[in-house]
Amino acid sequence: MASLGTDAPPVPGPAAAGPPPAVDAAPDAASVVKKKKNKPRMTGKQMELLGPMLDCEVWPRPYYIEDGLRRLAPYNYTYNTWCKERWRGRQLLEVFDSEFRDRPLAYYKAAMESGKILVNGKPAMPDHVLKNGDLVSHKIHRHEPPVTGEPIGIIYEDDDMIVINKPSGIPVHPAGRYNFNSVVEIMKEDRGRDWLAYPCNRLDRLTSGIMFVAKSATDAERLGAQIRERSVRKEYIARVIGDFPDGEVVCDQPILQISPKLGLNRVRASGKEARTVFKKLAYYPPEVSSPDATVDANQPPSGTEGDGGKPWLNKEGYSIVRCLPVTGRTHQLRVHLQHLGHPIQNDPIYANQRVWGISLGRDDPDAKENTDDDILTRLNRMGKEEVADAVAYHDEMVDEYNRRKAEKMSGELCEVCDTPLYTDPGEQELCLWLHSLRYEDAGGAWKYVSPLPKWALPPAGTSGPTEVGSIDALVEAVKDDPQMV
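This note's numbering puts the sequence shown at residues 896 to 1380.
The set of hints was computed from the structure by calculation and includes no laboratory data.
Just so we're clear, the structure is a prediction, and the values are computed from it rather than from any experiment.
There's no promise every hint is true.
What follows is a list of derived Cβ distance ranges for each label pair [what the hints assert, rightly or not]:
(1) Gly1223 - Phe995: 30 to 40 Å
(2) Glu1116 - Gly1338: 13 to 23 Å
(3) Gly1356 - Leu1091: 44 to 54 Å
Quick list of in silico lysine-lysine cross-link-like pairs, PhoX-like style, CA-CA up to 20 Å [stated by the list, open to error]:
(4) Lys1156 - Lys1174
(5) Lys1017 - Lys1004
(6) Lys1026 - Lys979
Built from N, CA and C at the ideal position, the CB exists for glycine as well.
Using the sequences and the hints, build the whole thing.
So this is what it looks like as structure tokens:
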């Protein structure tokens, strides 16, 4: 790996003047054959069934850029999956009703009767009983949600890997309702049909910043192991509520997952060890940090639909904070910032008084102010849109969040498939103010630093830092920690 300190030039992306016509698509091969390493390979019969489904692919992708968003014209697509153990002996319609709830039962019944849902390549009626080895296919007219039109930045590239600056709002891999609108597929569109991406580290869809993409599976394994070494230091940047304390702040509160279903975490004395170093880069008081003064209007005025009527998000101004995670717990930075009384300003769960009360969960390691049941009960009492807002940070809930809040139904139906159409997501629904800023080797062999995101720059007409300095002061604060080299 080499060192680079310059800004990243963008990857050019395809941008047509308007939407191209709908086109045919092959099934998602990666999702079809994905399996654990210890599972046996597919049998000859299974390959024979699957082969015809993999013969064609949409190329070029039907991308177009409009209103600052990367869009896809609707296209024909086939989902394929092998019969799961829990499906065996159950009727086809019953399985679709319980496993795939994004469409009504009447749709699935009609799709089976019209031949859009197949078993082993042949039409299957609703009462068809599934058995081991069955290949279930579902032909649809696919509508993907739009993502930001911001290009993927290239920080460094050599023969083995690419270091990218991932925009917020784009998932890394195809997942859920996202397929071609994913990092690996967008990069393939630019680099060629046969090009394959091998991501070495992971960022949530809403988080932006540095990612390593290998050019082969061998390189991915090698680079991934290196990135996971304790000798690699990572730094994030966050925009948080209020005036963060000066100096290096070390938070070593343990973190406990209180709801596996929602991925909800909090500081609890009985949780797992976690440690983070924080350092304020800048503070912008309310009079200069109003939405009208910011470089990019990510944050709407208090009380508007965009912020859900949450005036507490603006009343204290905000700080830009550097974050050095010593351990790597799930959502560690968000939880520790909340515990310190300075949650990420647009975090839909940890900066939500409807969930955590006036104190926003500050300094409550024993759950005396808010018990676990209190938090979960409040989530259950909230309306569906509010619950979707609250749990949106969790990967498994993102699709539901988009469906209910960020992409409100427009009231129109697709002329081809009668699928309900959605309005565009707002800019504030496409991003979390948390950015992966830096990766570096502790011995100084290599370093990669991205530019600061727009939301971390000084408000218009205000002076403030536009880049960060050395990470040494943050490391010095935990130099005696055996986990920090």
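Structure-based check of all given hints:
Under the hint 30 to 40 Å, the C-beta atoms of Gly1223 and Phe995, about 33 Å apart, fit the expected range. In this structure the supplied range 13 to 23 Å holds for Glu1116 paired with Gly1338, their Cβ-Cβ distance being about 22 Å. The beta-carbon spacing between Gly1356 and Leu1091, approximately 46 Å, falls within the hinted interval of 44 to 54 Å. Taking the CA atoms of Lys1156 and Lys1174, the gap is near 33 Å; set against the 20 Å cutoff, the hint is violated.
With a C-alpha separation of about 16 Å, the suggested pair Lys1017 and Lys1004 falls inside the 20 Å cut-off, and the hint holds. About 9 Å separates the Cα atoms of Lys1026 and Lys979, which keeps this hinted pair within 20 Å; it holds.
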